[in-house]
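Undergrad: Quick note, the sequences are listed as chains A and B, same order.
Each residue of the first sequence is one higher than the one before, counting from 1 in our numbering.
Each residue of the second sequence is one higher than the one before, counting from 1 in our numbering.
Any given hint might turn out to be false.
What the hints assert, rightly or not - Lysine-lysine pairs mimicking PhoX-like chemistry, simulated, CA-CA at most 25 Å apart:
| no. | chain 1 | residue 1 | chain 2 | residue 2 |
| --- | --- | --- | --- | --- |
| 1 | B | Lys-75 | B | Lys-88 |
| 2 | B | Lys-46 | A | Lys-55 |
| 3 | B | Lys-104 | B | Lys-88 |
| 4 | B | Lys-104 | B | Lys-93 |
| 5 | B | Lys-36 | A | Lys-55 |
Just so you know, the hints here were simulated from the structure itself, not pulled from any lab data.
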Amino acid sequence: MAEGKVDPVHQFTIEPLFGTDHLSLAGYNIAFTNSALWMAITAFVLIVFVGGGAKQALVPGRWQMAVESFTGFVDDLLRANIGASGRAYLPYVFSLFMFILFANMLGLLPLALVGLHPFTPTSHFTVTGVLAIISFSIVLIRGFTKHGFHFFSLFVPHGTPLAMIPIIFPIELISFMVRPFSLGLRLFVAMMAGHVLLEVLSGFVISGTNAGALTFGIAALPSFLLMVGICALELLVAGIQAYVFALLTCVYLNDAENLH
Amino acid sequence: MPQIAQLATTYSSQVFWLLVFFGLVFLVVGRGFVPKVMAAVDSRDKQIAADLAAAEAARKAADAEEEAWRVQANKQRAEAHALVAAAKLDAAKATEARLAVANKTIDVRLAEAEGRIETARAGALGEIELVAAEAAGQIASRLAGLSVDDVTARAAVKEVLHG
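Given the sequences, and given the hints that come with them, work out the whole structure.
TA: Spelled out as structure tokens, the structure:
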């Protein structure tokens, strides 16, 4: 710590835990890593949180009220974007939103104070990419099962002149195919950028403090104050990115459900 | 950047454990708890709506009841008024009839009394004529020494009394 050399991306390193380095399934390595551990913690905390609020009391307590406000939030999101048929997607979109939210939030916990190293699974595009592909797959499956080949009319906006269709169609198709990438990369980038920023600033704090009183005053202290503000911002980003992921999933599902 | 540097060695583990834990969340939370929570919310909303509707219906029923009561009360009041008026009329008629009877009785009695007075007066007048005739006969015999018979005296008295 005192050597003042901080590697800002070291925090994203994946390390196998409990000696499971060579655990494999059908030839693929499935080592139980720190990433997997934090996904497990996320799942556990989420199950405890929602399970504790699923009491179905007629007059809800605080915990039940909190859980109901989350389900109500996602339900409103689906209703606003898809309509009444959006209810069918509530289990998936709610799980998605809450899983991302909890993973983001838990990754920001200051557990390093007690010697633990929190890990944010959503700062890996392998994770966000899989979630994006799941959302995109649901859109494709729902779109083709409900509308068949008519689903391709999604790529021809209303009122497109006939002559323009050969140009518009590939553009719309490409913008459609880019969706899973933008969806997954947005979350990954937002999470990683925030963590890197905090790590870089903490590097300033450490090296500035070690280099003497002058650098402490002009570099370390302002960086530390900035970190406090950015921590608050990161909490906001954690919520916003989970919301954006869920919102865009709803928007894409609306295309599948209602075409245009 | 470990995300890229470790991609080849860790992608399978990342994907696998994500599917395991996200799948767990989807099954337990999404399929298990969320429908329960939504059912609770929906049933609560439904109950609130039903209670409000019931309260509204009760209010309307109460209004209707009050209106019916008012109509009934007005009707009964009118009936009571009619009864009172009829009773008054009856009473007035009965009073009139009894007054008439009483008047008639009084008239009869008055007539009788008047008749009696008339006969008494007539009797008294006859008596006075007799007494006066006797007195006149005696006065005549005493003063003039004339003996006047009763019939003459009476005729003379009658002539004086009745002019």
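Undergrad: Which earlier hints turn out false for this structure, listed by number in ascending order?
TA: Every hint satisfied by this model.
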